[in-house]
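J.: Got chain A sorted already, so can you dock chain B onto it with the hints?
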Amino acid sequence: MKDAEFNIDIYTLVEVLKMSTRYHYEEELAKINDSVFAMGADIEEAIDKTILSFRNLDTKLAIEIMKHDDIIDAMEYQIEEDCVNIVVKQQPIASDWRKIASYTRMIADMERIADHCGDIAIYVKELSAMAPVKVPERFSEIFNIMKQMVSDTFSSFTEGNPLKAANVIGMDDQVDKCFDEITREIAVLMKEQPDKIPQYIDYLLINKYIERMADHAANIADWVTFIVNGELKLKFTDRYKKESE
Amino acid sequence: MKFKIDSLNLNYGSFQALKDISMDIEANAITALIGPSGCGKSTFLKTLNRMNDFEDNVAIKGLVTLDGTDIYKDMNAIELRQKVGMVFQQPNPFPKTVYDNVAYGPRIRGVKKKATLDEVVEQSLTEVGIWDEIKDRLHKSALGLSGGQQQRLCMARTLAVKPEVILMDEPTSALDPISTMKIEDLATELKKKYTIVIVTHNMQQANRISDKTAFFLLGELIEYGTTQNLFLNPKNKKTEDYITGRFG
Numbered sequence: 001m002k003d004a005e006f007n008i009d010i011y012t013l014v015e016v017l018k019m020s021t022r023y024h025y026e027e028e029l030a031k032i033n034d035s036v037f038a039m040g041a042d043i044e045e046a047i048d049k050t051i052l053s054f055r056n057l058d059t060k061l062a063i064e065i066m067k068h069d070d071i072i073d074a075m076e077y078q079i080e081e082d083c084v085n086i087v088v089k090q091q092p093i094a095s096d097w098r099k100i101a102s103y104t105r106m107i108a109d110m111e112r113i114a115d116h117c118g119d120i121a122i123y124v125k126e127l128s129a130m131a132p133v134k135v136p137e138r139f140s141e142i143f144n145i146m147k148q149m150v151s152d153t154f155s156s157f158t159e160g161n162p163l164k165a166a167n168v169i170g171m172d173d174q175v176d177k178c179f180d181e182i183t184r185e186i187a188v189l190m191k192e193q194p195d196k197i198p199q200y201i202d203y204l205l206i207n208k209y210i211e212r213m214a215d216h217a218a219n220i221a222d223w224v225t226f227i228v229n230g231e232l233k234l235k236f237t238d239r240y241k242k243e244s245e
Numbered sequence: 001m002k003f004k005i006d007s008l009n010l011n012y013g014s015f016q017a018l019k020d021i022s023m024d025i026e027a028n029a030i031t032a033l034i035g036p037s038g039c040g041k042s043t044f045l046k047t048l049n050r051m052n053d054f055e056d057n058v059a060i061k062g063l064v065t066l067d068g069t070d071i072y073k074d075m076n077a078i079e080l081r082q083k084v085g086m087v088f089q090q091p092n093p094f095p096k097t098v099y100d101n102v103a104y105g106p107r108i109r110g111v112k113k114k115a116t117l118d119e120v121v122e123q124s125l126t127e128v129g130i131w132d133e134i135k136d137r138l139h140k141s142a143l144g145l146s147g148g149q150q151q152r153l154c155m156a157r158t159l160a161v162k163p164e165v166i167l168m169d170e171p172t173s174a175l176d177p178i179s180t181m182k183i184e185d186l187a188t189e190l191k192k193k194y195t196i197v198i199v200t201h202n203m204q205q206a207n208r209i210s211d212k213t214a215f216f217l218l219g220e221l222i223e224y225g226t227t228q229n230l231f232l233n234p235k236n237k238k239t240e241d242y243i244t245g246r247f248g
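In order, the protein sequence lines correspond to chains A and B.
Start counting the first sequence at 1; every next residue gets the next number (our numbering).
Start counting the second sequence at 1; every next residue gets the next number (our numbering).
One chain only, chain A, in its complex shape (with noise of 0.2 angstroms):
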């Protein structure tokens, strides 16, 4: 009977054996990498949509941004709560504390990308209603960038890759010169066709929109550079002198 009480599978000894010293630590941050990984790809295809539903005025794709945006807030909301439980139980330091610290603010700016691909299916559903007009051209090229500074962003993470993220951050200013030039161009427009202002209002909005999409992205950029690097510094130093000079 003795014998019995402690008969041990061998096969499950051996799996005990190989866990890593902290093994249900590395299984919590492993988990919150994967749910930041999963969050990142949803909101790349939510942009792709904003973008397709831009381009064909599709309401009912603009709808379904829409509704998605729940999806991605709840997505925010568990990664917050894990990466305050695992603060709080394993208090992680070092690189898992960069991570950990980081992605809490990550996600903040993933979900305000978020946010903008609902805000601007709202338009493209109100524009959809209203007489066509001639769309800037230019907008192609802003969102191509921006949809290209976010993608950028989440493989320099998923890579570990710093320059790529340093690259994203100089991307942000090819954005900023496409939102002056349609700005601009909206402008001209509005006066040739005063009619059209309610579009072209509404085109105007989005445009801003993208432009914030873009700078949440060079946001998420300094955070993967001090999460790869260890380094606040480039966050608070050069870039923002070069935003104030």
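Do not rely on the hints blindly, as some may be mistaken.
Below, in silico cross-link-like pairs of lysine-lysine (DSS-like), each with a Cα-Cα straight-line distance of 27 angstroms or less [to be verified]:
#1 K49(A) x K67(A)
#2 K89(A) x K238(B)
#3 K182(B) x K135(B)
#4 K235(B) x K164(A)
#5 K237(B) x K31(A)
#6 K89(A) x K135(B)
Treat the hints as calculated values from the structure; they're not laboratory data.
T.: Coordinates of chain B only, in the frame set by chain A:
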């Protein structure tokens, strides 16, 4: 800079416990020594006040200076240990009264006047924050105090001989969390007047109280830097693995 350690090697017989350690220890700062058991951190701590003199088969090579004076060549051990006090893992009060414990050091250094001793006892116990708690039981046995009070008494006994440096070898590992916090607060307070070197197994403790941290592994100094940098962005993979608990 209080201590300068240059290419320090220490052997216990054929076993090399410290390998080529070079580091500076800043004055009026807390330096934490961390690392797994057997990594050499306590051995290193003991070299700073020549506690290793008591062990057999110890061979030390290299230079350790305190304020520029070679502590192995140009200073005798008594003089050194008056300047460099030590607090151990287990509180180790003498089986004497509280008063006699604190007065012990000054007495063997020849202080006989009661008024002077009274003053030193009150001052030292005040400095470690237990004067009010135990001023009414100065003439009772120190062994009747709680663990936390005993440890602070041992610190008072160290301070009574007016040292410049206090070495602490896991001073809180036998204490409950509240006594631990009191000792940590005390250490932070004491660094204004003294230089403190602390060996600890408690990573959060090193992170909380120290200004600089040194990570030892298998007798080598792997990484040494400001505590913030070492815990936020360690440069060495071994340091990262150790402090995040991924060792082995």
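J.: Determine for every hint whether it applies to the structure shown.
T.: Now the hints, each set against the structure:
1. K49(A) x K67(A): Holds, at about 12 angstroms.
2. K89(A) x K238(B): holds, 23 angstroms
3. K182(B) x K135(B): Answer holds: K182(B) to K135(B) is near 18 angstroms, not above 27 angstroms.
4. K235(B) x K164(A): Roughly 22 angstroms separates the two Cα atoms, so the pair holds.
5. K237(B) x K31(A): holds, 23 angstroms
6. K89(A) x K135(B): Violated - the C-alpha atoms of K135(B) and K89(A) are around 41 angstroms apart, more than 27 angstroms.
Hint compliance for this structure: hint 6 alone is broken.
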